[in-house]
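Protein sequences appear in the order of chains Y, H, Z and E.
For the first sequence, numbering that gives the first Met the number 0 assigns the number 0 to the initial residue and increments by one for each residue that follows.
For the second sequence, numbering that gives the first Met the number 0 assigns the number 0 to the initial residue and increments by one for each residue that follows.
For the third sequence, numbering that gives the first Met the number 0 assigns the number 0 to the initial residue and increments by one for each residue that follows.
For the fourth sequence, numbering that gives the first Met the number 0 assigns the number 0 to the initial residue and increments by one for each residue that follows.
Don't read these hints as lab results, they were simulated from the structure.
Among the clues, some could well be false.
Since the list gives no way to pick one copy over another, a pair counts as held whenever it fits inside one copy or between any two copies.
[Claimed, not checked] BS3-like, lysine-lysine: derived pairs with alpha carbons at most 30 angstroms apart:
id: 1; residue 1: Lys184; residue 2: Lys4
id: 2; residue 1: Lys418; residue 2: Lys223
id: 3; residue 1: Lys292; residue 2: Lys437
id: 4; residue 1: Lys107; residue 2: Lys334
There are 4 protein chains.
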Amino acid sequence: MNTIKTKDIQIAYIGGGSQGWAWGLMSDLANEEAISGKVKLYDLNYQAAYQNELIGNRLLERSDVAGKWEYEAVKTIDESLTGADFVIISILPGSFDDMESDVHLPEKYGVYQSVGDTVGPGGLVRALRSVPMFVDIANQIREFAPNAWVINYTNPMSLCTRALYATFPEIKAIGCCHEVFGTQKLLASMVQELLGIEGVKRQEIKVNVLGINHFIWINQASYKGLDLMPLYEKFVDKYAGNGFEGSERGHWMNNHFVSAERVKFDLFNRFGVIAAAGDRHLAEFMPNTWYLKSPETVREWKFGLTPVAWRKQNKQALVEKSDRLADGTEPFEQKMTGEEGIDIMKALLGLGEFMTNVNVPNQVQIGGIPNDVVVETNAVISFDSVRPVLAGKLPKPVQNMVIRHVSNQEIVLQAALQKDKNLAFQAFVQDPLLSTMKPEDAQALFHEMLAKTGQL
Amino acid sequence: MNTIKTKDIQIAYIGGGSQGWAWGLMSDLANEEAISGKVKLYDLNYQAAYQNELIGNRLLERSDVAGKWEYEAVKTIDESLTGADFVIISILPGSFDDMESDVHLPEKYGVYQSVGDTVGPGGLVRALRSVPMFVDIANQIREFAPNAWVINYTNPMSLCTRALYATFPEIKAIGCCHEVFGTQKLLASMVQELLGIEGVKRQEIKVNVLGINHFIWINQASYKGLDLMPLYEKFVDKYAGNGFEGSERGHWMNNHFVSAERVKFDLFNRFGVIAAAGDRHLAEFMPNTWYLKSPETVREWKFGLTPVAWRKQNKQALVEKSDRLADGTEPFEQKMTGEEGIDIMKALLGLGEFMTNVNVPNQVQIGGIPNDVVVETNAVISFDSVRPVLAGKLPKPVQNMVIRHVSNQEIVLQAALQKDKNLAFQAFVQDPLLSTMKPEDAQALFHEMLAKTGQL
Amino acid sequence: MNTIKTKDIQIAYIGGGSQGWAWGLMSDLANEEAISGKVKLYDLNYQAAYQNELIGNRLLERSDVAGKWEYEAVKTIDESLTGADFVIISILPGSFDDMESDVHLPEKYGVYQSVGDTVGPGGLVRALRSVPMFVDIANQIREFAPNAWVINYTNPMSLCTRALYATFPEIKAIGCCHEVFGTQKLLASMVQELLGIEGVKRQEIKVNVLGINHFIWINQASYKGLDLMPLYEKFVDKYAGNGFEGSERGHWMNNHFVSAERVKFDLFNRFGVIAAAGDRHLAEFMPNTWYLKSPETVREWKFGLTPVAWRKQNKQALVEKSDRLADGTEPFEQKMTGEEGIDIMKALLGLGEFMTNVNVPNQVQIGGIPNDVVVETNAVISFDSVRPVLAGKLPKPVQNMVIRHVSNQEIVLQAALQKDKNLAFQAFVQDPLLSTMKPEDAQALFHEMLAKTGQL
Amino acid sequence: MNTIKTKDIQIAYIGGGSQGWAWGLMSDLANEEAISGKVKLYDLNYQAAYQNELIGNRLLERSDVAGKWEYEAVKTIDESLTGADFVIISILPGSFDDMESDVHLPEKYGVYQSVGDTVGPGGLVRALRSVPMFVDIANQIREFAPNAWVINYTNPMSLCTRALYATFPEIKAIGCCHEVFGTQKLLASMVQELLGIEGVKRQEIKVNVLGINHFIWINQASYKGLDLMPLYEKFVDKYAGNGFEGSERGHWMNNHFVSAERVKFDLFNRFGVIAAAGDRHLAEFMPNTWYLKSPETVREWKFGLTPVAWRKQNKQALVEKSDRLADGTEPFEQKMTGEEGIDIMKALLGLGEFMTNVNVPNQVQIGGIPNDVVVETNAVISFDSVRPVLAGKLPKPVQNMVIRHVSNQEIVLQAALQKDKNLAFQAFVQDPLLSTMKPEDAQALFHEMLAKTGQL
């Protein structure tokens with residue numbers, strides 16, 4: 000007798016027309032033979048979802064595919080949710096034009112953002128746009144799939160997940176992000192580099208994670224019985240000056256997503272704990288004068304400002320590729336994403352139990368941070384259960400910076416829920432990236448950004 | 000390069016003259032080839048420790064022994080602690096004569112206790128005796144082994160562990176108890192009984208544990224992908240009336256340590272959560288009128304009152320056996336205890352990571368319970384780290400009962416630290432087992448018990 | 000220019016047909032010339048309210064009446080609430096027959112209650128009956144008088160007030176009770192008795208109040224610059240044995256409402272803080288074996304069991320008196336009640352600022368007690384504002400007893416809101432007055448009481 | 000019989016050589032006939048204390064002096080503390096040269112400070128200097144006057160008072176500050192200005208105060224029955240543009256201590272609550288770009304930068320005046336300070352009970368702010384008792400700013416206690432006044448300031 004449901008699993012994919020994340024999920028599902036079922040793709044752009052239906056279903060026929068999944072594009076969100084065991088949310092809140100405004104409009108005022116989707120002027124305006132969407136999604140989930148497990152990949156992660164819980168407190172939702180994985184990989188590289196141990200997997204690097212998404216910290220790290228904290232100190236000593244460029248993902252000068260880790264190393268030198276996100280994200284949480292003062296400063300710190308123009312170009316290329324994948328002129332290449340979505344679903348079904356970092360409301364898994372705000376720590380995932388572990392406290396100076404952001408995010412949440420522009424500005428003006436602006440300039444920028452993206 | 004310390008591990012064993020727990024540890028260590036080192040046995044009764052040195056070292060020569068450990072009896076506690084990686088505390092606080100007073104003196108007043116070492120008049124007086132001992136041990140650990148991990152097996156578990164932390168807040172101590180394992184085994188038996196699945200291991204029964212030692216509760220239980228809570232409801236329906244006597248440990252009428260689980264089933268019927276300790280322990284936390292009103296009531300509920308006379312006899316037999324083991328006339332029989340001490344030590348060394356239930360101060364791993372009191376929940380154990388998982392909240396009526404005991408225990412702690420007899424009595428008189436006594440009778444009993452055991 | 004609204008004040012009186020409290024209010028209003036307006040009397044028994052309209056309006060004509068108020072009986076609660084500045088709630092939840100069941104039915108099982116309206120079996124069943132009424136009242140206030148200040152006099156005070164806030168969290172409500180005043184008077188008598196100082200007013204006795212209604216404690220008391228705590232110790236030494244019978248209200252043997260304070264003195268001897276309610280109330284919070292074991296025990300402790308038969312008789316006499324007052328055959332006698340309702344209303348209007356004890360949800364005015372439960376402490380009352388003062392913490396043993404009751408009350412609240420009989424029983428069976436009963440007897444009693452009063 | 004101690008009261012004055020505060024106290028004591036006793040003046044500068052002894056004792060002979068007090072300069076702090084009923088602490092932490100460095104050195108980096116004694120670079124460095132002094136004073140009080148009530152007037156108020164409690168948790172200390180009084184006076188002026196009511200006293204303006212010293216907020220204000228919040232909105236509308244210059248204290252252009260309240264009005268327009276300190280203080284809590292960007296910005300906002308040179312000149316004048324007062328060539332002019340020290344002492348002795356704003360550790364009198372940090376709210380002062388009232392919560396955006404400062408202050412406290420320069424810098428660099436500096440410049444400034452004042 001098999002006690003675990005492994006067949007006929009139903010996944011609702013909100014944002015199912017995406018080219019990046021949806022194809023990644025297809026790859027990961029195709030590689031996993033233990034479970035099978037159906038993915039219902041819902042997207043505001045039905046055509047894109049339908050194209051993914053075609054792409055996904057082609058995999059069913061392939062002999063090299065272990066996991067058998069049917070894909071179906073649906074026209075309404077409730078069709079996707081009804082009967083769902085899992086809900087994946089991976090949407091773009093607004094358009095790339097909106098994102099262009101979020102990221103680049105502040106440059107007029109001398110404010111540069113490396114990503115612009117989390118905090119800073121871009122992140123906050125994006126949040127104001129996202130919260131109502133997530134309120135709506137949460138209401139739909141409450142009605143059509145109240146017992147489903149919800150995995151959110153959308154940024155701004157903290158506020159999107161917070162909006163789900165604020166709307167439907169009993170929701171079983173987690174936010175997942177791979178930034179910590181990147182740091183684990185960096186630590187694995189370090190072990191190889193300094194100790195000559197080959198083949199260390201990122202999962203073997205045990206870390207205690209605490210913070211908020213994209214501004215996460217590690218205060219305990221080990222590889223087997225080896226304490227990595229003193230080793231990291233040596234590593235930083237060696238590379239803080241010129242950066243560590245051994246990453247497999249390419250060189251920071253040629254790639255908008257990599258860096259030489261100099262921001263991460265500088266933060267370690269200052270605070271004594273490991274910042275566990277990419278430099279592009281970390282920099283945005285700090286005052287403007289630290290790492291993002293100007294494009295020159297950014298170059299000195301050896302990371303990049305990701306232009307939205309690049310995203311638009313890339314999107315265009317993906318749309319064309321999508322056509323080729325859908326009509327079969329290009330074969331779908333299975334490429335494991337390294338994301339953990341499938342592992343998490345398996346664990347929730349009762350197939351194994353494991354610990355990883357997730358974003359959920361604080362119930363004092365991090366001490367000294369207010370309750371209910373969404374924080375990122377490790378959690379144990381097992382059958383129908385996600386239980387955060389007690390992660391302890393951040394060093395006071397780091398806690399202070401984290402609290403500044405979570406307080407601001409709580410204001411943004413309320414402002415978005417109440418459609419209170421004035422309240423939203425009170426958060427906006429307190430963002431560290433705007434710390435060098437006069438309040439009247441911040442106000443002008445804020446209204447220009449809202450006008451451009453048609454908000455509030 | 001091996002990053003994990005697996006050799007030359009040093010264990011300080013406080014109470015190292017014990018026959019039960021010490022021999023168990025010897026067996027478990029002998030079975031585990033991954034680690035080796037030295038155990039320093041310290042006991043108030045040096046002779047008993049020395050005898051265990053002889054017994055333990057005989058194992059070194061045996062070919063059927065995988066784990067190589069040297070044993071050494073030492074005359075002072077600091078000798079055992081100096082250099083220790085781990086400290087095991089397993090002592091009898093006081094003598095069996097003291098315990099006879101704890102358990103049986105209250106019978107004069109119509110108060111029966113099935114164990115008498117946790118709460119109730121016996122547990123509280125035992126705690127008053129134990130706290131100063133654990134204050135002393137904590138001070139020694141702070142001085143001689145501040146970085147060692149400490150595993151306490153001594154009852155009253157909550158207050159002994161609490162005293163360690165109250166004295167030395169940075170101590171790395173956990174309290175370990177096998178009562179939850181018993182409940183996992185019961186659930187495994189249930190799975191076999193009701194579903195016909197054979198060979199289920201207790202470790203495969205995943206449970207969310209929350210409560211205080213010996214008064215622990217499970218509100219989520221699964222076997223692989225199977226939710227065991229509705230199954231348990233059926234199981235209780237079937238066996239609540241006559242009890243479940245399928246336990247491997249023998250029949251309750253012939254064994255002071257087993258029961259027919261009727262108390263456990265009754266508590267489930269009342270509160271909807273699984274009480275996760277033996278009936279003998281559970282009964283002592285409830286008002287006197289429920290399960291311990293009289294020996295007849297106890298018989299109806301099909302559990303036993305463990306007489307201290309039995310413990311004394313058993314002790315005598317063990318002392319004799321000790322002589323035979325020491326001089327080699329009886330061979331030491333390796334018998335795995337089923338305890339997790341060795342697994343915990345391995346995990347703390349970096350050999351694997353696992354989750355089990357431990358007793359540590361509450362940092363809101365259980366909601367609605369005051370901070371700092373020692374609670375029992377699951378925790379993730381990995382390299383140099385024990386991190387409780389967030390266990391959530393108890394149902395309000397159970398929370399009320401638990402809080403009553405933890406509040407009482409906090410008073411006992413203060414009373415023991417301040418040697419305040421009057422304060423101790425304020426806790427004593429509020430114990431549910433004394434709920435039918437007039438306060439003046441409770442006072443008489445209290446003073447008689449203190450006089451008998453020479454306390455305060 | 001007069002900045003304070005002193006005319007055209009409108010009071011909604013819920014329970015406006017009462018003979019006791021309503022007439023008291025009339026007296027107090029008649030004595031106070033600073034404010035005037037209209038009282039709208041609402042009662043399930045319209046006729047009684049109408050009779051009070053007649054009685055109240057007769058005062059308008061009298062030359063010896065300083066405060067000019069018009070009275071109007073209304074037929075619906077919303078008529079009384081619309082336009083109200085203040086709402087007074089003073090109702091009998093259920094009938095005296097219900098109360099007879101609450102108080103006397105448990106006697107069959109050997110459980111005696113001196114009042115039976117707060118805790119104990121009677122109090123809890125009364126609470127189950129009251130909560131839905133207060134939910135309804137709170138909903139009406141939200142709709143018709145959301146900005147009015149609400150003064151509740153109804154018992155069970157804690158749970159009635161709690162139900163108001165649970166239903167309408169923004170309500171501006173306080174619960175008022177005179178038990179602390181009685182203790183202040185006792186302390187004034189003590190000052191006279193031991194120090195020979197005459198004419199001390201109860202308002203001059205400054206006390207720090209903390210606890211829950213009818214189970215309140217004073218840990219700091221002074222008269223001018225004199226610390227009364229050591230004086231009280233001497234006073235208790237002198238009178239604990241035989242009781243203090245100097246009270247102005249009559250002798251405990253002849254009056255159902257007075258006592259010789261022996262319970263109060265005993266509690267001081269045990270816990271070192273002053274219990275600040277009448278002995279009849281205090282006794283009901285303690286385990287059955289302490290003060291209420293039997294009518295004989297009660298006599299020894301020199302307080303009384305108030306029979307509901309007396310209340311019924313008294314009611315009959317009041318009804319007859321009401322007829323005489325209404326038709327003018329008996330003149331209304333102005334008699335100040337000593338209650339503070341009028342002073343509170345004046346302060347809320349901006350006429351003076353003062354400090355007194357009130358019942359409101361805990362926002363940590365008492366430490367160590369859960370938030371949101373209704374507690375009694377001092378508060379500063381001024382224009383449109385009631386601000387509790389930080390009262391500190393109770394001694395641990397007292398805190399333990401208080402928490403036991405508040406936890407129970409929270410269960411009763413949920414049980415009443417959810418109409419969950421089983422949950423209600425979980426609170427019932429944990430009440431200290433039932434601590435000597437077997438759970439099956441408690442269950443039988445519970446169901447009998449519910450059946451008798453037609454509840455759940 | 001007089002129950003209140005009114006004679007032979009002993010006050011220890013730490014900083015008793017001061018010219019400003021000490022003479023103020025002499026005036027106030029001289030005006031109050033209800034109490035009398037002795038003031039023991041202790042100062043690092045004994046000569047200054049001795050001169051004040053001479054000045055104070057001259058008052059004893061004057062017929063126009065109601066309050067009879069003897070003054071005595073003592074050479075050690077324990078002499079002043081032994082036997083003290085009250086301790087007043089009013090010291091200058093360091094010299095005016097130190098203060099010159101605190102205030103003016105940052106100007107080199109474009110950072111202007113209007114006072115420089117609370118937060119900002121000057122406030123933080125002053126705090127690093129003050130904390131060890133207050134640790135020392137607290138230790139002396141514990142030893143020599145553990146039951147005395149301590150009134151601190153020294154800035155930085157929050158951290159000095161925090162250091163007292165961190166060192167001696169049972170200390171009975173409050174911090175007193177007159178900034179709220181100024182706001183009450185402003186509101187009184189407003190009542191006169193807008194409503195034509197004359198002679199309103201500041202004590203008649205009832206306010207709910209919440210925040211931290213010099214960054215305090217009022218969310219409820221009334222005069223008798225009049226809600227002042229809507230009136231203040233009108234007032235701000237009228238005067239926000241050009242400022243309100245009706246203050247009795249002189250014009251902001253001619254006086255370093257006054258302002259046109261434009262900062263206060265701007266903060267109200269932004270946050271909807273009344274900032275209750277002088278503009279010079281308020282401005283220092285906000286980001287550098289708001290009100291202190293440059294001397295021109297300050298002029299636009301119509302407040303002043305108080306130069307330390309002025310303080311030095313003023314000091315010189317006072318020293319000369321001190322000589323004349325001591326030798327009698329100039330008569331001492333009694334001038335009531337408007338401070339409440341004497342009223343507070345009287346209330347603590349049992350002479351009256353009143354409510355005012357004080358600085359004490361947070362025990363949740365303000366919600367949403369961490370415990371133990373020193374906050375400013377109203378408190379009820381009566382015999383041997385100071386009890387804060389529950390002040391509620393700040394609006395979220397203001398709370399965020401307050402938390403940023405209290406978190407920073409906690410870091411400074413730890414840094415000062417542990418003499419950890421690196422930790423101190425983590426707070427320094429997060430101060431809003433430095434929000435436009437690059438971290439390396441902040442570091443240079445920090446070290447220069449420490450070097451100049453010889454610290455850490």
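- Item | Hint check, failures only | 2 and 4
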